[in-house]
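*Asks:* Spelled out, the chains give:
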Amino acid sequence: MKVLIAEDDRNIRLGLEEILREEGYQTVLAEDGREALDLYRREAPDFLCLDIMMPGVNGYDVCREIRRHDPDLPIVFISAKSEEIDRVLGLELGADDFILKPFGVREVLARIRAVTRRSIARQRHTEAPRPFQMDDLEVLPGELRAKREGQTIDLSLRDVKILELLHRKRGQVVDRGLLFDECWGLDHIPNSRTLDQHVSQLRKRIERDPKEPRIIRTVHGAGYRFEQETE
Amino acid sequence: MKPRLTLLLLLIVVTPLAIVGWLGAKIVGDEQDVLQHRVSGLMTGQLRAVDAAISTALDAYQQRVLEEMRPFTVERDALRKRSRESALSMQFYVLEGAGKLLYPPVDSPGALTPSEREALARTAQIWDGGELLASVGESEATAETGWKAWYWGNGLQMMFWTREGQRIHVAEINRTRLLADLIAALPETDEVAPQLSGGRIQLMDATGTVLYQWGSVKNEEALKTAARIALRAPLSAWSLEYATAEAPGIGSVVAGGFLLTLLPALLLLVGLVLGMAAYFYREQSREMREAAQRVSFVNQVSHELKTPLTNIRMYAEILEREAGGEDERMSRHLNVIVSESQRLSRMIANVLTFSRGQRNALNLRYQSVVPDDVLRTVLEQFRPALSARGIDVELDLRIGEECSLDPDALGQIVGNLVSNVEKYAAEGKLLRMESGLDSLPSGLGRIFVVVEDRGPGVPAREQARIFEPFYRVNSLLTEGVSGTGIGLSISRELARLHGGDVVLEAKESGGSRFLVTLACRPVAAPTEGRPA
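Protein chains in written order, with this note's numbering: chain A, 1 to 231; chain B, 1 to 532.
Be careful, since some hints might not be right.
[To be verified] Dumping the calculated SDA-like pairs for lysine to any residue here, alpha-carbon to alpha-carbon at most 25 Å:
id: 1; chain 1: A; residue 1: Lys161; chain 2: B; residue 2: Gly485
id: 2; chain 1: A; residue 1: Lys204; chain 2: B; residue 2: Gly325
id: 3; chain 1: A; residue 1: Lys204; chain 2: B; residue 2: Arg321
id: 4; chain 1: A; residue 1: Lys81; chain 2: B; residue 2: Met330
id: 5; chain 1: B; residue 1: Lys100; chain 2: B; residue 2: Arg163
id: 6; chain 1: A; residue 1: Lys81; chain 2: B; residue 2: Gly485
id: 7; chain 1: A; residue 1: Lys204; chain 2: B; residue 2: Met330
If you're looking for bench data, these hints aren't it; they were derived computationally from the structure. As the structure is a prediction and not an experimental result, all values here were calculated from the model.
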């Protein structure tokens, strides 16, 4: 899933890029409205994070221009002024959500995941990602969630990709290279530590006992494997 | 301008003007009374002069009557002739010392002429009752002459007497002639009071009947007595009166005096008051403009702080996630950066909310959220700070369903309350939070959140004031503790905007217990956090 981040403050732009990449998104960056429109045409992103006050063409104008071609593209506005957000909502520019500065990582993730869920829901009629079972965990890829005994667990796009891959290759060893290629992307520099850390964090959330994992099992020297014992 | 300030300005202008007006009216009233008194005194004096003129005329009349009575005689024919020819007197009488009438001859009624009979009928009460002798007796022993008045027929009748040996000679005065002579002696109105015009002088008898009047008036009906005196004896039953439709000349005299003395002073005072009001208004407007500029500056700075603050917070959180709790020391340091930037975010949010409240620009953004999630997020932000101060958190959260409310407002309200526990009630070592949802018959819901601590509590005398902006409890409690003093005020304002309130509830044991209520609409089907 590709996200276009349009923000004139370089540090915020790069910070958002880092958070979203970590979540499993591809990103394209624009530092003003004109570049955002240009990248929108060239890269066809799945959704936009759009700062309102940018030099040249501002966020309102970018949104209006994009809406002329694509009324459904999810757009999340970013602003320091709640008055600007009020204006966005008042103008009915079709904003899907907004993030008010100063924001933290958790808030960004919550908003982005919410928009992704809606985005996936919109595409359901063409490529519906089906729920699947891993041990006693029901994974709902379309909702970026998993469920166990009525308890809901939030998942990132990358978490879903990892679980989908392991489920598809159930009973087989999924090596690190494949995991990187499918879940991080080909342009990502493979790093064992990154992968191990991610799997470790994911286990903490989805396994009943992370020390005795039943969903993501380690195959020493090879990779990871999911065994569907009931099937 | 705010209505209260307008009212204040009006009071500042209107009050002195009202006082000046009242004083002016009082001075004018007093002045009028004094003038009225003076005019009345002047009129009385003038009426006395008229009285003196009447008295002089009467004296002259008396002399002429006395001349007619001489030479004194008891001769019947001579007296009859004298009575017939006299213009001043109607009839002459002669009494002997014991009071018996020698003339007219009452002893021989057949000898009386018709005019003598009429005269005796007119004067019967004088002779029958011995009134004349009594009157003569009452007068000084040395008095040789005197007057006697009595009522008969059409009014006051008069007779003049003089003693001659043992006899008393009497002349019954021709009333009409006397009145004519007296009137002829009266001065003109203008002579009486040249400075007063528009009045009338009246000569009246004892019954109030006007015998004579002079002077012209425009409005007869509005005529009022301005001064009255009784004439001196023997006409003391008569009176002189000055009547006028208005206090003569008073209006012009008063208005003139007022215009010359009071009005310039009054105008000066009014000018001063208006000048002061204008100055005050200008100063006040300038101060308000400057205050607005200061607020705008703080507003602008607060907004500008948000971008660097976002970077500090975001990168600290990214680092924290990357560290993944492996390096405890680094995690602790990053925790400090994150929690302090969150604290700064809350302060900025409070300043901006307060500023919006001042501009009546506060509004809510309703979203479908699980209120307990908001409460947990707030507590999560405070966890490092609470834990550093050794405050345990006890939770009893029971709103797991989605409601339509403004999560930012709820977070800000509860954040301020939790921040107060952290700052002022750390010694109690406990923060208790409870939440619940009450369904109302209208279909709306009301969520409540209780934030309770075991700190020193709020002194009873301060409880009513802690929700006022910038008010900070002045005690050891707040000494050395930072704060802006707007947290509770903002929390209450936001809660009220949200159809609820924040109140400090009575607590029997130590500590404080704040109850937050917010109106909300339960959401049937769960939806994502889109703006409502």
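*Asks:* Next, verify each hint and record whether it holds.
*Replies:* Here's how the hints hold up against the structure:
1. Lys161/A / Gly485/B: Outside the cut-off at roughly 49 Å; violated.
2. Lys204/A / Gly325/B: Status holds; Cα separation ~13 Å.
3. Lys204/A / Arg321/B: With Cα atoms ~14 Å apart, lysine 204/A and arginine 321/B stay inside 25 Å; holds.
4. Lys81/A / Met330/B: Answer violated: lysine 81/A to methionine 330/B is near 33 Å, above 25 Å.
5. Lys100/B / Arg163/B: Satisfied, since the Cα-Cα distance of roughly 14 Å is no more than 25 Å.
6. Lys81/A / Gly485/B: holds (23 Å)
7. Lys204/A / Met330/B: Roughly 21 Å between the alpha carbons, so the hint for lysine 204/A and methionine 330/B holds.
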